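J.: Below, each chain spelled out in residue letters.
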Amino acid sequence: MKKSCKEVKEMLVDYADGQLSQSDSSKVAEHLSKCQECRTVLDALQKSLELVGVIWADSLAETDNIRIPFIKTRKIRWPRYAAIAASILLVAIASIVWHTSTQPKASELTFAEIERKITESGSAARLLAAAELLSDNPEAETIVKQQYQYIVEAYPETTAAAKAKSRIH
Amino acid sequence: MEHRSRRTFQRHADEILKRKLETQKDSKAAVENAIMAEELEIVRNSLQKLDDLLLAPMVLRYFCDFNSKEIGKILALSPSTVRSRLREARMILAKGLLERGLEP
Numbered sequence: 008m009k010k011s012c013k014e015v016k017e018m019l020v021d022y023a024d025g026q027l028s029q030s031d032s033s034k035v036a037e038h039l040s041k042c043q044e045c046r047t048v049l050d051a052l053q054k055s056l057e058l059v060g061v062i063w064a065d066s067l068a069e070t071d072n073i074r075i076p077f078i079k080t081r082k083i084r085w086p087r088y089a090a091i092a093a094s095i096l097l098v099a100i101a102s103i104v105w106h107t108s109t110q111p112k113a114s115e116l117t118f119a120e121i122e123r124k125i126t127e128s129g130s131a132a133r134l135l136a137a138a139e140l141l142s143d144n145p146e147a148e149t150i151v152k153q154q155y156q157y158i159v160e161a162y163p164e165t166t167a168a169a170k171a172k173s174r175i176h
Numbered sequence: 068m069e070h071r072s073r074r075t076f077q078r079h080a081d082e083i084l085k086r087k088l089e090t091q092k093d094s095k096a097a098v099e100n101a102i103m104a105e106e107l108e109i110v111r112n113s114l115q116k117l118d119d120l121l122l123a124p125m126v127l128r129y130f131c132d133f134n135s136k137e138i139g140k141i142l143a144l145s146p147s148t149v150r151s152r153l154r155e156a157r158m159i160l161a162k163g164l165l166e167r168g169l170e171p
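Here the protein sequences come in this chain order: A and B. In terms of this note's numbering, the first sequence opens at residue 8 and continues consecutively. In terms of this note's numbering, the second sequence opens at residue 68 and continues consecutively.
Pairs of lysine-lysine residues, derived as DSBU-like cross-links and limited to a Cα-Cα distance of at most 30 Å, are as follows: (1) Lys116/B to Lys140/B; (2) Lys54/A to Lys162/B; (3) Lys54/A to Lys140/B.
Which stretches of chain B does chain A cover? Using the computed rule of at least three CB atoms under 8 Å from a CB of chain A, they are: (4) 110-124; (5) 154-164.
It should be emphasised that the hints constitute simulated quantities derived from the structure, not laboratory data. Every value quoted in this text rests on a predicted model; they were computed, and no experiment measured them. All C-beta atoms in this analysis are idealised placements derived from N, C-alpha and C, irrespective of residue type, glycine included.
With the rest of the complex left out, here is chain A (with noise of 0.2 Å):
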C-alpha cells in the first residue's frame, strides 16, 4: 500500500495533465477511489495550479497598466510632434517662397553684376600685364610696386589682385 502511494504520487501531475496511458490512469483512479492521502495531493495540485492562474492572469493585468500610460502618452505627444513638424513644414516652405519671390530680382543683380566684374576683372588683367612688363626693368620696380599695391584696393575681388598681392610680398 505504501509503495503504491508512492508510485501513484509520481504519477499523478501527469494524470491530472491527461498524459498517462489508459492502463496507468485507471490503475491511478483505482488507487485514488480508496487512498485519501493521494486525494489530497491531488487536490493541493489542481489547487495551486488554479492559484498560479490567478497569480498569473494578476501579473499579466499588471503589465498592461504599464503598457497603458506608456501607450497614453504616446498618443498625448503625437500633436506635439506634428505641430514641430508643421513648424518645420512651415519655415521650409516660408523659406522657399522667399527665395523664388526674391530670385527674379538677383538674377537682374547678377547680370549687372557679372558684367561689372567682367570689366573689372579685365582691367585689372591688364593693369597686372602692364605692371609685368614694367617688372622686367629693374628701375621700374618702385613704380610696379604701386601699381601692384593699385590692383589690390581698386580691384580688391579679382585673380589678378590676388596676383598682385603675392607679388607685393
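Fit chain B to the known structure of chain A by using the hints.
T.: Just chain B now, with coordinates in the frame of chain A:
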C-alpha cells in the same frame, strides 16, 4: 391591538432572521476570501522560490499552451526532462498548500 403587534413582531423577526442569514453568508464569504488570500500568498511565495529551470516549463505548459515536445525545442531539453521538471515544479507548489493544510 394584539393582532397588530404580533404582525409587527413577525415582520421584525423575519427581518432579523434575514439579516442573520446574510451576515452568516457574508462571514462565510469573508472566511473563504481570507483562506483564498492566504493560499494565494503561499503559492506566490513558492513561485518566487521556484527555480527558473522549473518555472519556465510550467509557464510554457500551462499558460502558453505548448506541449512537452514544443517546450523541449524552446528550452533545448528532451520532452522527458520537461515532464520531470513539470512534475517537480507542481509537486513543490502542491506541497506548499499541503503543509498549511488544504481545505477540503
